[in-house]
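Peer 1: Quick note, the sequences are listed as chains X and R, same order.
Going by my numbering, the first residue of the first sequence is number 1418, and it counts up by one from there.
Going by my numbering, the first residue of the second sequence is number 965, and it counts up by one from there.
Hints listed in this document are in silico derivations from the structure and should not be mistaken for laboratory results.
Predicted model only: the values in this text are computed from it and were never measured.
Treat the hints loosely; a few may be bogus.
[As the list claims (entries may be wrong)] Straight-line distance between alpha carbons at most 20 Å, and here's what the computed DMTMM-like set of lysine to aspartate or glutamate pairs gives:
hint	chain 1	residue 1	chain 2	residue 2
1	X	Lys-1554	R	Glu-1019
2	R	Lys-1324	R	Glu-1293
3	X	Lys-1593	X	Glu-1527
4	X	Lys-1531	R	Glu-1004
5	R	Lys-1319	R	Glu-1279
6	R	Lys-1294	R	Asp-971
7	X	Lys-1453	R	Asp-1282
8	X	Lys-1590	R	Glu-972
9	R	Lys-1305	R	Asp-1282
10	X	Lys-1442	R	Glu-1025
11	X	Lys-1453	R	Asp-1021
12	R	Lys-1298	R	Asp-1273
13	X	Lys-1554	R	Glu-1025
14	X	Lys-1593	R	Asp-971
15	X	Lys-1453	X	Asp-1463
16	X	Lys-1433	R	Glu-1004
17	R	Lys-1245	R	Asp-1263
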Amino acid sequence: MHADAVLWEGLRKGDKELFLALYNKYYHSLFFIGLKEVGDGQLVRDAIQQLFLYLWEKRETIRTAVNVKSYLITSFLRKLSDDWKKAERFSSLQVVNDAYLEDAPLTPEESLIKKDEDDHQFTLLAGLMDELPNRQKELLVLKFYEGLSYEEIVQRTGLSYRTVYNKIYEALKSLKLQVSQNQPHTVSI
Amino acid sequence: MIDFLTDESFINYCKGVSEKDTAYWESYIHEHPEQQELIETARQECLLLFNVLAESDLAAESMRLRRRIEAEEPARVVAMEPVSVESPGYNRWFRLKWVGVAAAVILIVFAGFQFYYSAGSSNKTYTTALGEKKLVRLSDGTVIHLNAGSELRTDDQYGISNRSVYLRGEAFFEVKRDENHPFIVFTTAMQIKALGTSFDVRAYDNEAITETSLITGLVEVVLKENNNQVVLLHPNHKIAWRNMGGDVLVSRTDTTSRREPEVKEERQPEKLLVTDRGEIKEIAWKENRLVFENDSFSDIAVLLQRWFDVKIEFEDIDVASYRFTGDFEKEDLKTILTFLKESKDFNFSISEGDKLVTLKK
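Could you put the whole structure together from the sequences, leaning on the hints where they help?
Peer 2: Here's what the structure looks like:
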């Protein structure tokens, strides 16, 4: 993974791949910080996209950043706050959250992310995940990734509590079932 | 195992996001040592699931960003009077997208289009062949994206005493602001007046539907064939007009609904169609994207013929009435048809040197 300074210079010079690498590097940091602030994954995703589109548009005029991560987080929270107000879900959002800016500690979720692309189980599960019906996968995303409670998922999707629970159960069951079929020699510790 | 994974408190414990749940499960394990191994396996499963979902979200979002910045690169566009990426017009379009897209207008024009040609000498005509797009920059800084199979002519006095252009086909306009000289687009059925704004006008001779997508600002549309009704369009709205006597390219397949006489009544603007991806269908062509939203195959065929410079024939009328929803970017014709074939039952063959496409059951 490249150093921030390299990625930032890449952005300034219009190197698309380095720019996307910068995005990939900080996506989850921004995502989980944003999720904690506003609780709406889609709003957060859009705000991150817009922040980076803005950076790309302004690449020729942006300055050298001293602390790339702090800069990204500050700009992102400002953007998110604007979006949030527009969405009129809250009258305002306290965004000048200094806690993020000093050493920018990892969010609990972010620290769970392991980059291990050779992991056989990971690849297998990712493949099975793609075969799930969209609705089931969407619910897994809300539950396990975004960390919504069942009650919140019910409110978000308009499905009944029973349906949400059953669909998640079914999804887990079919993932698990197929894992054991495809991988009879699993060694679990 | 699944019983653990569907437990809210257990998920919180796995992810370490709740001190209360962590304390609960640690004490639970302490009290049930025989389940320790099972619980640890479930915890690993939970984390693996989280990681797979996190990676999949990142991959999808990263691809979305890539597509959006690559869409800014003028692929397949031939610049007649080159516009550099740094030009104000280009940047403004980008900024508009960043703001999040605002508005559109839909006009409906039909065949029988009589283009007004003056004998003047200083006018310029820009044309695009089928399968071709062009970017044109006029003397006042207005930038025009001309879609395939279109023709745009400037008035003799353009940039002198007026800013009038005549369009058949489809174009996206980024109008340079000049309050003293309104920018006017003339088509058969409508005329669109703007000060400084961006919008799309679609007025193909062979099409039932002509669309104009206004991105920002305000435009005034005059419906010539509706007692010159004046419609003011606001962001995110469009207006539609359907002329009489229009000929749909694949007319034999779809005539019933199109030939009803137009009732002259006040026209009201309607909301723009924004896709799940937050993009406006009406201007997707500008980014080399084809977007279908429950469109009939006969309408789609008209579009495909223009994009790929082919002739499309339906051997079965039923096939022409199939409806599709989909989103394609920089795909070739065969890929698109193969993809559509996945969702509805039809076959296609491409012959005559890739110029004739036949669709049948």
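Peer 1: Lys-1319/R and Glu-1279/R: Cα distance at most 20 Å?
Peer 2: holds, 16 Å
Peer 1: Can you confirm whether the C-alpha distance between Lys-1590/X and Glu-972/R stays at or below 20 Å?
Peer 2: holds, 17 Å
Peer 1: Does Lys-1453/X pair with Asp-1021/R here, judged by a C-alpha cut-off of 20 Å?
Peer 2: holds, 17 Å
Peer 1: Is the Cα-Cα distance between Lys-1453/X and Asp-1463/X 20 Å or less?
Peer 2: holds, 15 Å
Peer 1: Need the status of pair Lys-1442/X, Glu-1025/R: alpha-carbon distance at most 20 Å?
Peer 2: Distance ~12 Å between Lys-1442/X and Glu-1025/R Cα, so the pair holds.
Peer 1: Please verify whether Lys-1298/R and Asp-1273/R have alpha carbons no more than 20 Å apart.
Peer 2: Holds, at about 13 Å.
Peer 1: Lys-1305/R and Asp-1282/R were given as a pair; does the straight-line alpha-carbon distance stay at or below 20 Å?
Peer 2: holds, 14 Å
Peer 1: Is the straight-line distance between the alpha-carbon of Lys-1433/X and that of Glu-1004/R 20 Å or less?
Peer 2: violated, 42 Å
Peer 1: Holds or violated: Lys-1593/X with Asp-971/R, Cα cutoff 20 Å?
Peer 2: With Cα atoms ~16 Å apart, Lys-1593/X and Asp-971/R stay inside 20 Å; holds.
Peer 1: Checking one constraint from the list: CA of Lys-1593/X to CA of Glu-1527/X, max 20 Å. Satisfied?
Peer 2: violated, 25 Å
Peer 1: So if I understand the rule, the pair passes when the alpha-carbon distance is 20 Å or less; does Lys-1324/R with Glu-1293/R pass?
Peer 2: violated, 25 Å
Peer 1: So if I understand the rule, the pair passes when the alpha-carbon distance is 20 Å or less; does Lys-1531/X with Glu-1004/R pass?
Peer 2: Given pair Lys-1531/X, Glu-1004/R holds - Cα atoms ~17 Å apart, limit 20 Å.
Figure legend: structure checked against the earlier numbered hints; hints not met, in rising order: 2, 3, 6, 7, 16.
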